[in-house]
Each structure stands twice: as structure tokens, then as C-alpha cells.
Amino acid sequence: MTAITLCDATLRDGSHPMAHRFTVEEVARVAGALDRAGVPVIEVSHGDGLGGSSFNYGFSGTDELDLISSASAAIARARLAVLLLPGIGVKEDLDAAAERGTSVARIATHCTEADIAIQHLHHARELGLTAVGFLMMAHMATPAALAEQARTMADAGAEVVYVTDSAGALLPDGAAERVLALREALAPEVAIGFHGHQNLALGVGNSLAAIAAGATWIDACTRGLGAGAGNTPTEALVAACARAGIETGVDVIEVADVAETVVAPLMPREQILDRDSLVLGYAGVYSSFLLHARRAEERFGVPAGEILIELGRRGAVGGQEDWIIDIAAELAAAHEEQEHA
Amino acid sequence: MSGRVPCAILGSGNIGTDLMSKLESSETLDLVGVVGIDPSSDGLARARAAGIETSADGIDWILAERDRIELVFEATSARAHRANAPLMLEAGIRCIDLTPAKLGPGVVPVVNLDQHRDARDINLITCGGQATIPMVAAVSSVTRVPYAEIVATIASKSAGPGTRDNIDEFTRTTAAGVAEIGGAQRSKAIIVLNPAEPEIMMRNTVFCELPDDVDEAAIAASIDRMAARVAEYVPGYRLRTAPVFDERRVAIFLEVEGAGDYLPRYAGNLDIMTAAAVRVGEELARLQLEARTTA
Chain A
0 MTAITLCDAT
10 LRDGSHPMAH
20 RFTVEEVARV
30 AGALDRAGVP
40 VIEVSHGDGL
50 GGSSFNYGFS
60 GTDELDLISS
70 ASAAIARARL
80 AVLLLPGIGV
90 KEDLDAAAER
100 GTSVARIATH
110 CTEADIAIQH
120 LHHARELGLT
130 AVGFLMMAHM
140 ATPAALAEQA
150 RTMADAGAEV
160 VYVTDSAGAL
170 LPDGAAERVL
180 ALREALAPEV
190 AIGFHGHQNL
200 ALGVGNSLAA
210 IAAGATWIDA
220 CTRGLGAGAG
230 NTPTEALVAA
240 CARAGIETGV
250 DVIEVADVAE
260 TVVAPLMPRE
270 QILDRDSLVL
280 GYAGVYSSFL
290 LHARRAEERF
300 GVPAGEILIE
310 LGRRGAVGGQ
320 EDWIIDIAAE
330 LAAAHEEQEH
340 A
Chain B
0 MSGRVPCAIL
10 GSGNIGTDLM
20 SKLESSETLD
30 LVGVVGIDPS
40 SDGLARARAA
50 GIETSADGID
60 WILAERDRIE
70 LVFEATSARA
80 HRANAPLMLE
90 AGIRCIDLTP
100 AKLGPGVVPV
110 VNLDQHRDAR
120 DINLITCGGQ
130 ATIPMVAAVS
140 SVTRVPYAEI
150 VATIASKSAG
160 PGTRDNIDEF
170 TRTTAAGVAE
180 IGGAQRSKAI
190 IVLNPAEPEI
200 MMRNTVFCEL
210 PDDVDEAAIA
220 ASIDRMAARV
230 AEYVPGYRLR
240 TAPVFDERRV
250 AIFLEVEGAG
260 DYLPRYAGNL
270 DIMTAAAVRV
280 GEELARLQLE
290 ARTTA
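Note that the protein sequences, when read in sequence, are chains A and B.
Position 191 of the first sequence, counting from 1, maps to 190 under numbering that gives the first Met the number 0, and the rest follow consecutively.
Position 208 of the second sequence, counting from 1, maps to 207 under numbering that gives the first Met the number 0, and the rest follow consecutively.
Worth double-checking, as some hints may not be accurate.
As the list claims (entries may be wrong) - Distance ranges between label pairs, derived from CB positions:
1) B:E179 x A:E297: 32 to 38 angstroms
2) A:A211 x B:A227: 58 to 64 angstroms
3) B:R185 x A:E305: 55 to 61 angstroms
Simulated from the structure, these hints should not be mistaken for laboratory data.
All figures in this text were calculated on a predicted structure; none of them were measured in a lab.
Backbone N, C-alpha and C fix where the C-beta goes; we use that ideal spot for every residue, glycine too.
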């Protein structure tokens with residue numbers, strides 16, 4: 000029977016729709032409930048990873064280290080994971096997270112820039128953490144190119160390398176091809192992961208295709224709480240895996256109950272696949288740009304969808320939230336010029 | 000004031016070679032040698048073709064020529080500079096350091112060169128620092144800046160192994176410069192590599208937190224003036240839009256197009272380093288020549 004390691008990223012990817020305002024109480028409630036339902040890995044960080052609290056990405060309401068401590072105190076069996084994007088966070092952030100009880104370090108780069116993660120992956124291993132490489136915006140690289148980058152991460156000590164569909168733009172075939180390419184390129188002891196979004200409503204489908212191709216670490220967020228249209232919903236993935244005979248170690252009814260009674264009440268709104276989040280998947284745009292584009296729409300009077308499409312056209316990668324204001328200001332000026340012409 | 004100050008470039012890679020192109024037209028600096036460690040490097044071949052003396056003996060050549068070289072531009076690596084700096088100091092040679100070694104004071108020509116004219120080793124911080132610190136200084140000269148944050152986005156192809164292998168050093172060094180030289184009380188620096196083709200120009204965003212009731216017009220005017228001053232030595236340095244003021248914050252958007260001397264135009268991040276180095280070198284040379292004339 001196939002078995003996977005489920006990583007619930009509600010308390011990290013879900014930080015985006017929460018405007019990075021999770022409280023210690025909410026984190027304790029969610030982490031504790033997921034732990035009791037049998038979720039083996041729980042990720043807690045600012046949405047843009049350790050050190051993400053900023054003008055550019057949004058300031059954290061509560062220091063993420065305090066959120067990690069809160070989660071750590073609330074769980075009995077699960078392992079705690081953190082995310083770090085080199086260029087935003089630094090190695091010392093991993094030290095601090097490890098001291099608070101983290102045992103999995105996920106180091107994320109754009110899918111063509113794996114070499115900037117080498118030091119951080121080494122450092123994670125030195126700290127005794129499970130080192131995970133996270134290749135974001137994976138739809139932008141061919142399977143062969145992605146496999147090459149995955150090799151760089153594995154050589155640096157990554158024990159798991161993820162195909163990260165940050166834009167929710169991959170189709171099941173594309174997800175499977177990439178997982179397969181990584182599986183062929185990496186030593187058998189290195190696991191392959193898949194991280195999906197719902198922008199084309201394919202989170203669960205893509206995850207199942209990835210598992211069939213050899214992925215054994217799968218990300219999901221309870222009630223889908225995550226950037227864009229949200230992530231692969233944990234409870235739906237667990238139920239689908241149960242139907243498919245894939246072992247997750249998570250109880251379907253219990254985790255569905257966590258989604259309904261613990262996570263849903265704290266959400267600012269339910270995750271729906273609306274027009275703008277569909278554009279993310281359709282145009283291949285980083286999911287966490289969505290709410291920033293909506294804020295820019297309010298500030299500059301330019302439709303969020305138009306801003307997102309322009310971001311896609313210019314090839315914006317994860318972390319380039321600053322381009323949103325820049326582009327919105329530029330589009331607003333262009334609109335004004337047209338009106339005067 | 001007459002004559003020129005003899006200088007040499009240590010390092011014949013991309014940066015050293017671009018620097019060579021920029022020094023060829025200098026009125027105050029006389030480039031007498033380009034030194035590398037690889038006799039077959041493109042940089043040394045170009046220097047030879049331009050009629051400049053070359054050597055593949057690295058620091059040894061510089062030390063042997065100590066009597067005629069007064070200033071060295073070091074464009075090697077942080078590790079090499081840490082080894083070379085004490086030797087050049089002892090030999091009485093001043094150094095402008097383009098590596099991230101950060102031994103001497105960090106200098107941004109339009110902000111704090113005046114305070115370090117006598118330094119024997121001047122460090123140029125990072126490309127992100129050269130691009131963004133002037134803007135933070137422009138705001139902090141008008142009002143208190145409790146916090147400043149910069150985001151530097153560069154084309155993947157223009158990020159060399161030095162940046163990639165130690166990206167934490169980039170963010171840390173840049174953030175320190177934003178506070179210490181730019182005048183912000185607290186700071187943060189972020190760098191993003193973008194692989195889009197055709198390659199993107201270097202782009203920088205500078206966010207400054209502002210106190211209540213600031214004079215927005217005065218801040219905007221200060222930003223404009225500063226951008227014009229940087230553009231004097233980095234012609235491709237420009238504001239993309241007017242500064243965007245929001246509640247207690249201003250966002251400034253910059254683009255740096257390279258001069259295309261040796262490096263491609265998109266590599267504004269490398270161009271701003273070599274342009275700043277030449278600016279600092281020429282200023283030091285001018286002071287030296289003036290002192291000579293008046294002596």
C-alpha cells in the first residue's frame with residue numbers, strides 16, 4: 000500500500016489570507032487539533048517564510064517565533080516545519096526556529112535558482128533538521144530543467160525536494176511529468192514532494208497524479224486556507240487518499256471536523272475560486288499576489304485581474320510583491336493618459 | 000591641478016573588465032595595469048588589446064609595482080581581499096574594495112564619501128546598497144525614518160557566484176548600510192533573482208516608514224534631487240514613478256540600466272558598482288592632485 004507524509008501548511012500558506020495575523024491562541028488550537036487527527040507534519044511561519052514580516056509582504060501580527068513555540072507546546076506527535084526563502088530570511092532564522100521546537104526546514108527558491116539555497120540546506124542538516132528543498136513556480140520550468148535544479152538541492156543535503164505549484168497552474172499531466180523527472184534524477188533515498196493550489200480547482204487531482212508518479216510528501220491546508228483560491232484542502236486530500244488506498248495516517252472524519260469547527264470559524268472568508276484567483280492559475284501567477292493586487296486595485300483604481308495578468312506577462316516570480324504597486328501605478332497613469340487623449 | 004593618479008585593477012573578471020572600460024576615459028585616474036590570475040582570461044586579453052600593461056601574477060605584481068601605483072580597485076572576492084588588504088596597506092597603496100569583504104568603511108559616493116576621504120580601504124557595500132541607500136538618505140535628510148526596507152530585484156544571469164553562494168551576506172550588509180549610511184533607525188533588505196528572458200533591468204523598491212504629518216512635497220523634492228545626483232555617475236539610474244505615499248510610508252521605485260560598457264545593459268546591478276568605484280576613485284584622485292598643487 001502506498002503511504003505518504005502529509006504536511007499541513009495551514010499555519011504558513013494560510014498566513015496570506017489571514018494577512019499574517021494568526022494569534023498564539025489560534026495557532027495552538029489548529030496545531031493541537033491537527034496533531035490529534037494524526038497529521039504528521041505541521042508548518043508554521045509567516046506566509047513568505049521566516050523573516051517575511053515586512054512592508055513588502057505584510058507585517059506579522061505576532062512574532063512567528065512565538066507562533067512556533069505555541070504550536071510546539073500544543074502538539075504531542077506531529078513534527079513542526081518552517082519555510083525560509085533565501086534572500087528574505089537568513090540562516091540565523093533557522094537557528095531560532097530550531098530552538099523553538101522546529102524539526103523540518105523547508106528552503107524555497109524560484110524553480111531556476113536552487114543554488115541560492117545550498118548554504119541554508121547545509122545549515123539545516125547541521126542543526127539536525129530534516130532538510131527540504133522547495134522549487135517554487137514549478138510550472139515555469141520544464142521537467143528536465145526542474146530535475147537539474149532538484150539535483151542541486153539534493154547535493155546540498157535536501158532529503159525531500161518539492162515540485163511546488165505556487166501559481167496553481169499545473170495540470171495533472173504536468174505535475175506527474177515533473178515528479179517523474181525528479182524521481183529519475185534523484186537518489187532513491189531522496190523523497191519527492193508536491194505542493195498544490197486550487198486556482199484551477201486541481202489541488203487534489205494534481206496531488207493524486209503526483210503520488211501516482213512517485214511523490215511521497217504532499218502539502219495541503221485545512222479548509223483550503225492558503226494563498227490565491229487556497230491550497231489542496233487537507234480534509235479532501237485525506238478522504239480521496241483513503242478512497243484510493245493511499246495511507247496518510249490521518250483520520251478522515253476527525254480532520255473534516257477540524258476543518259469545520261476549528262479552522263472555518265477563524266477564517267476571514269471561505270476560500271472560493273473567484274475571477275481573480277482563477278486568473279492566477281490561468282496566467283501562471285504567484286498565488287500570494289492576489290490580496291496585494293486587490294489592495295492595489297483599491298489604491299489605484301486598476302482592476303486586480305489586469306494587474307495580475309501584467310505580472311504574469313513580465314515574468315514576476317515569488318517574492319516580487321513590490322512590483323504590484325509599481326505596475327498598478329504605471330497602469331493607472333496609462334489609463335489616465337488614455338482618458339485625456 | 001595637473002597630471003593623473005596612477006591606479007591598477009586587481010581582478011580581471013566581469014567587474015574588473017567593466018571597470019577598465021570606464022577608467023579609459025578618466026581625466027584624473029591613469030590606469031597603468033590590469034592584473035588577474037588567469038593569463039588566458041578575456042579581461043586580460045582586452046586590456047592587452049587596449050595597450051594596458053597586464054599581469055597574471057595577482058597581488059604580487061601590485062606589490063612589486065608599489066612605487067608607481069597609488070590606488071587599487073579590488074574586484075576579486077571577499078576572501079582574496081581579506082588576504083590582500085593588509086599587504087596593500089603596508090605597501091602604502093589605497094584600495095577601493097568592490098568585494099563584500101567590508102574591511103574598510105562602507106561608502107556611497109553621494110552620501111558619505113566626505114567622511115571617509117582619508118580611509119585607506121573603502122568598501123562599496125553591495126549593488127543593492129549603492130542603488131537604495133541614496134534614496135533612504137534623501138528621505139532621512141527631510142524627516143526621521145524609523146524603519147526602511149529595500150527590495151532589490153536583479154536578473155538571474157547578472158547574479159554571480161559571489162552573490163549566490165552567500166545571499167545572507169548580501170541582505171545583512173545591505174540592511175546595515177541602509178541604517179548606518181542611509182540614516183534609518185531600523186532596516187531590512189530583501190533580494191530577489193528573476194530569470195525572465197529577455198533579462199529584466201535591475202529594479203529596486205525602497206520603503207521608508209514616516210512619522211505623522213510629514214511634508215510630502217519636501218520628501219518628493221529631496222528624492223528627485225538625489226536621483227539626479229546619482230544619475231551624474233550612473234546614467235541609467237532613474238525613478239520609475241513618482242514616490243507613492245501611503246499612510247505613514249513612502250514607496251520609491253527605481254530602475255538601474257547599465258551603461259553597457261562591457262556588461263550587458265540589464266546588469267545595472269554590476270554597473271552601479273563599477274560606476275560608484277570610479278566616482279570614489281576620481282574624487283580621491285582629485286583631492287590628492289589638489290593637495291599636490293597646493294603643497
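Inset, instruction - Report the numbers of all earlier hints that the structure fails to satisfy, in ascending order. - result: 3
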